[in-house]
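Peer 1: Protein chains in written order, with my numbering: chain A, 16 to 194; chain B, 50 to 610.
It should be emphasised that the hints constitute simulated quantities derived from the structure, not laboratory data.
Values in this document were obtained by computation on a predicted structure and should not be read as measured data.
Glycine included, C-beta positions come from ideal geometry on N, C-alpha and C.
Do not rely on the hints blindly, as some may be mistaken.
Said to hold, decoys possible - Restraint-style ranges between C-beta atoms, simulated for each label pair:
| # | chain 1 | residue 1 | chain 2 | residue 2 | range |
| --- | --- | --- | --- | --- | --- |
| 1 | A | Pro55 | B | Pro256 | 46 to 52 Å |
| 2 | A | Lys25 | B | Val246 | 29 to 35 Å |
| 3 | B | Leu71 | A | Asp43 | 42 to 48 Å |
Listed below are the residues making up each chain.
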Amino acid sequence: MNTFVIANPKKCIGCKACEIACAVAHIDKSVVTANKDEIPFSPRVNLIRADIVTTPIQCRQCEDAPCANVCPVSGIIHQDDKIIIKTEQCIGCKTCILACPIGAMNMVHDEATLKKESKLSDTTNLEPMVAIKCDLCVGREGGPACVEICPAEAFILVEQKDINEISKNKRKASTLRTV
Amino acid sequence: MSGLGTAFGSGAMTNSIDEIDLMDEKDAIFAIGTNTTECHPIIGLKLLQAKDRGTKLVVADPRKTDLAMHADVWLRQKPGTDVALLNAMINVILNENLADNEFINTRTENFEQMKETVLKYTPEYSEKITKVPAEKIREAARIIAKSNNTASYYTMGITQHTTGVDNVLSVANLAMVTGNLGKPKAGVNPLRGQNNVQGACDMGALPNVYPGYQAVTDPAIKEKFEKAWNKPLSDKVGLTIPSVLNEIMKDNVKVLYVFGENPVRSDPDVTHVKHCLEHLDCLIVQDIFLTETAELADVVLPGASFAEKDGTFSGTDRRVQRVRKAVEPIGNSMPDWLILSKLISSMGYPSDYKSPEEIFNEIRTVTPSYAGITYGRIENEVISWPCPTEDHKGTPILHIGKFSRGLGKFSAIEHRDPAEMPDKEYPLMLTTGRVVAHYHTGTMTRRCWGLNGTHPEESIEINPVDAAKLNIEDGDEVSVTTRRGSLITKAQVTTRVPEGLTFITFHFTENPGNILTNSAADPITQTPEYKVCSVNVKKLDFSDFGCQKRKIFKKETQNAV
């Protein structure tokens, strides 16, 4: 089963530290010069204030991920219990955005893409955009940045073993109701 | 501060922040006029954690803030009706015999006068004024009265009104009626908005006091400071900011020295502010960035940020804490104390401090409430003033046993409407405030990649019913106009504001909220009524102006900041 990160809306104070930590975790230059270097601010988790609740929304690493199913260049794959976008393959067709029921996909100007050569840049000033989503901060020391930074400890990293434990405990509790 | 000064004898937060962590299901929190999770996120977090442990949360706010969404009881009062709401809650408590009679009898005065006024404010009567259902008022009042301890928290939501002092006195009344003072997990707790505004007030940055709230008009105090500073001193109360502006226009104030403040963006009716500042003979501005106010200055003195200087900050619960220099000031910028010291010297008065600690030790010699605090002690100890001697542990909770003024004073307060109410020309109400990402005029936060990234542009909150009537959809460009001025921004159609109310911040240079606000103020404190004025919102048709859509919001603006 895929690992995923999810936030508890009961704990969320809407501070957006998660958005900032996420954005910082995914740039390879220093955040100190990010303004000067005009690096786009592109978090993969989005803090949403809705009518009855405020909570962060991010990828659920679906088992039968619609995004992976629809990508025409097979650029979204299953790897190491995660759903990963291979950004270098992304053509920006945006089908994954339409397919995702969670709203986890963002389209952004990606630093790497800016350096990519495209015939398109001959005919237009528009910079190509690519799809990004929560990648569980793969390769980051300390794991997911949002889980680490949240002052309310609202995020949890859920792995197969955690689900097993939760289910086991619930089942034990259920047996007491049968006696 | 003025309200609490009248009621209790001391204007500061009565209790300490860390008491929130001790609250449980027998306690309650009453948060009125504070969007705590957004404007004081760490305190807001503690409030939600207390709620998680079973503490009851009662929130009074016209907007559906995150705190309101978490509340056990949310009172959605119309802006400017806090007195009617609070009086009704006291009315319920008295009628249902839930008052703390022992506290009232032994620790307060003027109860009968307050009671007589409050008799009229039945929940049904107040419902007409506040629009809060009578049953909700009863529910809230019962929770607050029946809990073992109820702590009240408030901020600008109730103070930035022409009735600001009245609102605070009413919160004090409620706390006294329920005996929630002079003990832990209770109290009346204004949450200060800047990291060191408490410190600034403590040091006498108010026009009527010396450090430690010692009155300038008191002859004995005057003599003490004249001896300490070896100079004759005035015995007249000085000017508040609104008065300064008036006196500038009358040519009585010719030079203004502004430091760490951006009045061209943070004062109400900024068109008027700019006009006044341009009238000065000389404007000196000391700041860490070139703010809009600094741009008007004749002289700009570059100050140093928190990371570039040593000193102390005094927090909202009177705790004095060290701030320590981590990096050298950039270029020829200097810590504020050094700039002031050099300025004083060049004016012919000897000023030769070697360090902020030396200054602090001098402060201790003339300020009884700080006298026992030393840099050495606060390395390891948590000390809240008053702390009169070096072996005194400090005072986390005020008014234990007796109030600073002796007995707590009830005040009889009647409801008064705000200065400017909606009318035909300006049919909606506008209230102003903050968002979590930005700090005040955005001088620092709009230069932060992360913070500005999460909230890069302004929008005006408008209720779906009002938006529909104006043919405005979420994201549409709108013009927002009041009697003072107008701005263009995007509409954010949301139920966070009730019908009839709109909300905007004052964080954005391109859409400065205070170009709209009213300078009408509380008569005692002169705090402006930022929270209420009347406004006209119109869907923007760019063909009216012949200019290009959206260009002013793009990258050019980011570079300009």
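Peer 1: Run every hint past the structure and note whether it holds.
Peer 2: Consistency of the hints with the structure:
In this structure the hint that A/Pro55 and B/Pro256 lie 46 to 52 Å apart at CB holds, the actual value being about 47 Å. Taking 29 to 35 Å as the suggested C-beta distance range, the pair A/Lys25 and B/Val246 conforms, at roughly 32 Å. Evaluation of the 42 to 48 Å hint for B/Leu71 and A/Asp43 yields a pass: the beta carbon distance comes to about 45 Å.
Violated hints for the displayed structure: none, as all numbered hints are satisfied.
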